[in-house]
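Student: Please build the complex by placing chain B on the supplied structure of chain A, with the hints as guidance.
As they're listed, the protein sequences go chains A and B. With my numbering, the residue at position 517 of the first sequence is 517, and numbering never jumps. With my numbering, the residue at position 230 of the second sequence is 230, and numbering never jumps.
Rather than coming from a laboratory, the hints here were simulated on the basis of the structure. Any given hint could turn out to be false.
Said to hold, decoys possible - Have a look at the derived ranges for each label pair, beta carbon to beta carbon: (1) A:LYS190 x B:GLU458: 14 to 24 Å; (2) B:TRP156 x A:LEU69: 32 to 42 Å; (3) A:LEU146 x B:PRO53: 33 to 43 Å; (4) B:GLY174 x A:LYS190: 18 to 28 Å; (5) A:PRO328 x B:VAL504: 39 to 49 Å; (6) A:LYS361 x B:GLN101: 24 to 34 Å; (7) A:THR403 x B:PRO433: 50 to 60 Å; (8) A:ILE164 x B:ALA179: 41 to 51 Å; (9) A:ALA51 x B:PRO53: 19 to 29 Å; (10) A:HIS99 x B:PRO433: 54 to 64 Å; (11) B:ILE272 x A:ILE161: 28 to 38 Å.
We put the beta carbon where it would ideally sit given N, CA and C, even for glycine.
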Amino acid sequence: MKVDKRLFLELRPVRLWFVAAVSLGLINGLLVIGLAYTLTQIIDRVFLKDAALDEVQSPLAWLIGLAGLRLIVQWGSESSALHLTEHIKISLRERLFGHLLELGPVSLTQERSGELVNTLLEGVESLDNYFRQLIPQFFLMLLIPLSIFLIVVPQDPLSAIILICTAPLLPLFMILIGMWAGAVGQRQFKSLSYLSAHFLDVLQGLTTLKLFNRSQAQIKTIGRLSDDFRVTTMRVLRVAFLSALALELLTTLSIAIIAVEIGLRLLYGKMEFEQAFFILVIAPEFYQPLRNFGASFHAASAGNAAANRIFDLLETSPTIIDVPEPVPLPHPPFHIEFKGVSYFYPGREQPALNQLLFGIKPGQHIAIVGPSGAGKSTLVNLLLRFLEPTHGEILVNGVPLTTLAPEAWRSQLAWVSQKPYLFNTSILENIRLANPTATPDEIFWAGEQAGLTEFVQQLPQGWQTPIGERGTRLSGGQAQRVALARAFLKDTPLLIWDEATAHLDMHLEAQIQTAMQRLMQGRTVMMIAHRLHTIQHADEILVMSEGRIMESGTHDSLLNQQGLYYQLATTDE
Amino acid sequence: MSDQQITKRLLVLLIPFWRGILTAVVLGFLTIGSSMALMGTSAWLIAKAALHPSIAELNLAIVGVRFFGISRGVLRYMERLSSHQVTFRLLKDLRVWFYQQLEPLAPARLMGYHSGDLLVRIIHDIDTLQNFYLRVVAPPLVALSITLAMLIFTGWLSPILALVILFFLVLSGGILPIAAWLSGRKIGQIAVQARADLYIELLDGIQGMAELLAFGQAQSHFAKIQATNRGYIHHQRGLAQRSILQTVSSNFLVWLSIVVLLWVAIPRIDGIMLAPLALVTMACYEAFLPLGSAFQNLGSSIEAGRRLISLVDNNTPSDSPVQAVIVPSNLDISFENVVFRYGPDELPILNHFKLTVPQGMHLTISGPSGIGKSTLINLLVRFWDYQAGDIWLGGRSLREYSSETLRNLIAVVPQNPHLFNATIRENLLLARPTATEAQVMAAAKLTGLDGLIATLPEGLDTWVGELGFRLSAGERQRIAIARAVLKDASILVLDEATANLDRVSQQKILKMLQSEMKGRMVIFITHEVPKGDWLADDWLNIAAL
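For reference, chain B alone in the conformation it holds in the complex:
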């Protein structure tokens, strides 16, 4: 997408906030206008006083100085407050918007993205847009209106002065910012990318630290981080150096313009107006000096915008649009010649797969790992869409159901369940927020968690740590199973759900599940040949799907 397109998309998001932007522009104009008026009247006051007039002639100017002195401060306060209010409201809305766009893409379309990268987008890229909304949108409009005011003031003194000041204002308000934008564009993009890379490497370094240390690669990963860090800071330096250059040359331009103005004005205007002219000119640059650095960072802002918009645009969700809620008449499931491949150039994982599971059946599916057993679940809950054939639920194609309905009907214990960095209770309640204490405890008891909970000083309210790492693998699996049971769904699917449990616990849990789920469908996926006390109604052993 071109920079113009991104800018347009970013501007469109502002439309609901146009009132706030307009207020900020008007206030900005009045603030700088007050500042110019303050400097102008006080300079005039001193100059007039030097001519020893009667004090009555100065009265109006004295009132003016007081008024503009106070209004400048108050207006600036109001301007800053209103522009920041609007911007931060917008950023908040953007975060929610981005999550809403992201949510339907998971997990299929987000597979290629590192979660650190997504995090950078939702937090920091959106934050980077601050510069765009605060410094790129309203300030040029303020500068434009100040230019008009300056033209009127200087034109009133002498038309040729208006031409001179127009030249300098176009230079510092137009040409310099554009030059700054062009010089910062490329490096700004690189810096935004470098920050995302650094983020991912740091996150890999922290979450993958055990592997890195154990394989002696911590130092080399550290070296990689050092290189990326230095690269990132190097690009930032490039930006900062350009911005320093931009600031000092703008400051120089201010004085240059004053010298040229005086040069032109001295033979032409009344001497009493020289001091006001010089000071008003100095004051008006407040509207122009910040433009340079704002446009300098435009490259970064646009790159951040691009990272947000492109992710959303390039991926169409696999979810079907929300459809009318259909309640299936029964819960028979059948796969009919289903063909599925993960990518267009990959071999099919499912090739004309057929399977019928009548309502209420307890079925074991076993087979070697990696042949696509988990894929069956991903298709059932419509995380992925199959390419040919059809899956039927209660006599209707799966595609007719909204994904929400399907996920209400089916409880899944995935191979790698995610535990949130919250308490055990909160992790369980995820499945059914309205569950009572008794229901939560019953589910916990079913998976043998009650013993663990009893030994913990804070019981159910014990913090599980990030990714549940404060618990053992077995404890995490028990929580994941309890969570699925608590959901109380009509269909329960377990994907290698007991692999990290010892044999005794595994058998205990399975036995309890069997009686708990009597009359409801259970699909138990395992790579092992089922044995022991797990008595499924049927057992499907597959060599290939």
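Chain A extracted, bound-state conformation:
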């Protein structure tokens, strides 16, 4: 297992706690030696020197005193390790989520959210073993055996030599097993992530599976995936247990050599019981830190796989380039210009947008139409700065969009998406998303504008009615109306309507049209719609196909051209 070096950098801000954890751990080890020494003294005096209980009372009291001191020291050592681990977990999880925000929603569609959440939650959690155990134990593994060696040397040099000769065998052995365990641990973390991602997909698609009578068939897949996870977990554990067994046998073997050697010398009167018993008690303590390290080593192998994933994500360069010193936002109204803008999705050879050249003047209402796949959504993603152009640039009042702070820019626009994501809270809270400081009355007003009031009043809890995830309680049209209400509430100089009217019926659409006309007054609007009659009054219509603008003009002039627009319009009517 290769320990990810980036993990050690995480220790830097908490190094004092780390030093405390390790040095108190060392003191704890020394106290154990002291306890063993006192114990052997007591037994020696009673057993061979015929001491009475009264004569050993003070060492017995010492034992309690040392054990009490050890209680405090061990507590201090483990609490320090706990403290630094928490600090690192908090910081890593927050940095990781913050970084995902910089990667943006479009590039995250390449990832599985179940896997991402697993990395954020369980991946970070699995580093616990690393920082609380493995790394402190690594140092203790070096320090404690060394101290024991130094104490044993004056007592009995021969045993000390045996100890120091057998010691390197253990780490050597562990490295061999560790290399094998690393790969298996990696697989285990991947297997868990895969399981999470698959389960999430199945749970969210359960209705669809049922519609096709395929939900029962999933039992098999779920059984298989769970079993895969079990098998890989068992594989990791088997390696861990096997290496523990090997370590234990090696330890036993070394202790046996020492025991025979001291036993024989004791038998022939060449050694005192006092020393022999002390060495017998202390010899397992010599190996204990090595074995502890071995045990945590395996527990941490999943953490290592998680660490790789976490740091790789953190090092992925953000899609939305953060501007260190953003140019102040130009004052509305906005004049937006697309100057030769192209966009290529990673892995697709054809451009999604090809050399776009057009402008949106302040207050202009521009409409974009075209067959699906023409690049309309990509255009919206660029304007929202979820993507940055591959070539060319977008100017706002002459200032390149990339030099503005994304937050500041987005505060100037309202967006109604194709598939609005509704959060698992009340209708009220879902609308409030657009403006957290809005009063309930303002929210009711926005809902009213979007034509929600009548529907909401039928619900048992009115505006407070919780809506399921992805708005499962709401019909498509109602979900869109919540999205519209958000736009009404946000009240920005720039509006983006992405197929906003696709799910609304005629009657409602007419209602919203009126409200929309009011809202659009004096604002810059970009509309993407399929209902051509909703865009007849647009100042300019851009007709897109395969990433290019094929035609542009007003409704009437485009009809006269008898081109693509004419084709779309005639089938519509």
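Tutor: Positioned in the frame of chain A, the structure of chain B alone reads:
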């Protein structure tokens, strides 16, 4: 449900595995027993050697040290392997069991649950039960048998020693774990809940990121995540601090018990047995020290168990039990005075609704959005059950059919079809796993997907991404329609299925569907007034259902 009831339910699940548990207990006892014997014999060996006897007197002890030295390691290996084997088999079975319980509840009874929450249950709550099965069930039995062994050993030395050790073992094996359980119970429950909350917020943050960013709420959602994260870690710290306290005080107890034992033993027993007594006592605590942290986490385990069991218990599936397969004699559908409401305190969505659709008819149902057009489908496939009136299919009540039969007869393109994170091919094959390449391509062609597939370098084997987000909304809809067509069912229902398509494509698809589905029933639900080339046999325009 009380903790006792949950514990009982969790224990019942172990019954099929009783052999494995028993093996683990026996092996656990033998492992720790070996360890005690090893320490005892080697201490005795050294003590005896100090008296300079003949080497023959030590031979048996030397053999004993070797034997116990090896058996301890081997037995521990076997014990760990067998207990983990049993536990992970059980967890795997639990996952499948939980899914089987969940499946009939969808979608009606699961509406109130966030999928992130369900995911936490099926993955992490089940994982949390590991602690219960590995550390709470077998180890106390091992500790009990080790207590007996210790009583025999010390009682043999001096009965009063047996009383002393009994006191300390009850303290560290009984009282401390119970105290740990009580102190960790509440906070463990809170931590399990906090983890689920954090999961949901992270998932909302990732899947709803576009909305959060666009409305400038990413930072405030981030702040919410930070608060939940810190709360979660705070509760974990509470648990960990208690567990540290528990460990260090148990370690202290070990030495305290040795001091008291020596105090009592020194005037009473042979000096040669003092060293074995001390070392055997030290070794026996291996059976008791882990109990504290195991019981500390019992609160979390029980809470995890509660989250699993309560979800299953509180929801009775809307599906009727599996009935004999009935083949309808014809495919006429009629709604007769159907009354339906989503909740007992809500206004009815359908109020004495009547509709008859004869076999093979192509029908358009239009009406304003939100008046319950989609509800008709949910009732037809029995996702929900109506409260009054009846729906007839082929002259029999819908309730007489198994839901499986109904879903075989009816293909639905829902308003928000779910595309799985798989290839286009796999998403299509979902409808009919046995379909040939030609059949798949024919369905794709019908919905105009062939053009898209031709431009993709990997064709049908292109990955669609999570929720199909690598495709445009129109492309996703085409796949959903192709999937329903591929199913080749007798009844096809389309719910706003072409809303994201442009007018030209929409008309093309509808026209092709018309000829494809000739003689079979098609119900086309839309909020628009139908026009153009879509020539339904009948058109039902409803203002209210």
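Student: Hint by hint, note whether the structure agrees.
Tutor: Here is what the structure says about each hint:
The beta-carbon spacing between A:LYS190 and B:GLU458, approximately 23 Å, falls within the hinted interval of 14 to 24 Å. Between B:TRP156 and A:LEU69, the C-beta spacing of about 34 Å keeps the proposed range 32 to 42 Å intact. Evaluation of the 33 to 43 Å hint for A:LEU146 and B:PRO53 yields a pass: the beta carbon distance comes to about 37 Å. In this structure the hint that B:GLY174 and A:LYS190 lie 18 to 28 Å apart at CB is violated, the actual value being about 42 Å.
Checked against the given bound of 39 to 49 Å, the beta carbons of A:PRO328 and B:VAL504, roughly 45 Å apart, stay inside it. The supplied range of 24 to 34 Å is broken by A:LYS361 and B:GLN101, whose beta-carbon atoms lie about 60 Å from each other. Between A:THR403 and B:PRO433 the Cβ separation comes to about 53 Å, which falls inside the hinted range of 50 to 60 Å. The hinted range of 41 to 51 Å is satisfied by A:ILE164 and B:ALA179, whose Cβ atoms lie roughly 43 Å apart.
Taking the beta carbon of each, A:ALA51 and B:PRO53 are about 22 Å apart, inside 19 to 29 Å as hinted. A C-beta distance of roughly 40 Å is found between A:HIS99 and B:PRO433, which places it outside the suggested range of 54 to 64 Å. At roughly 29 Å, the beta-carbon separation of B:ILE272 and A:ILE161 lies within the given 28 to 38 Å, and the hint holds.
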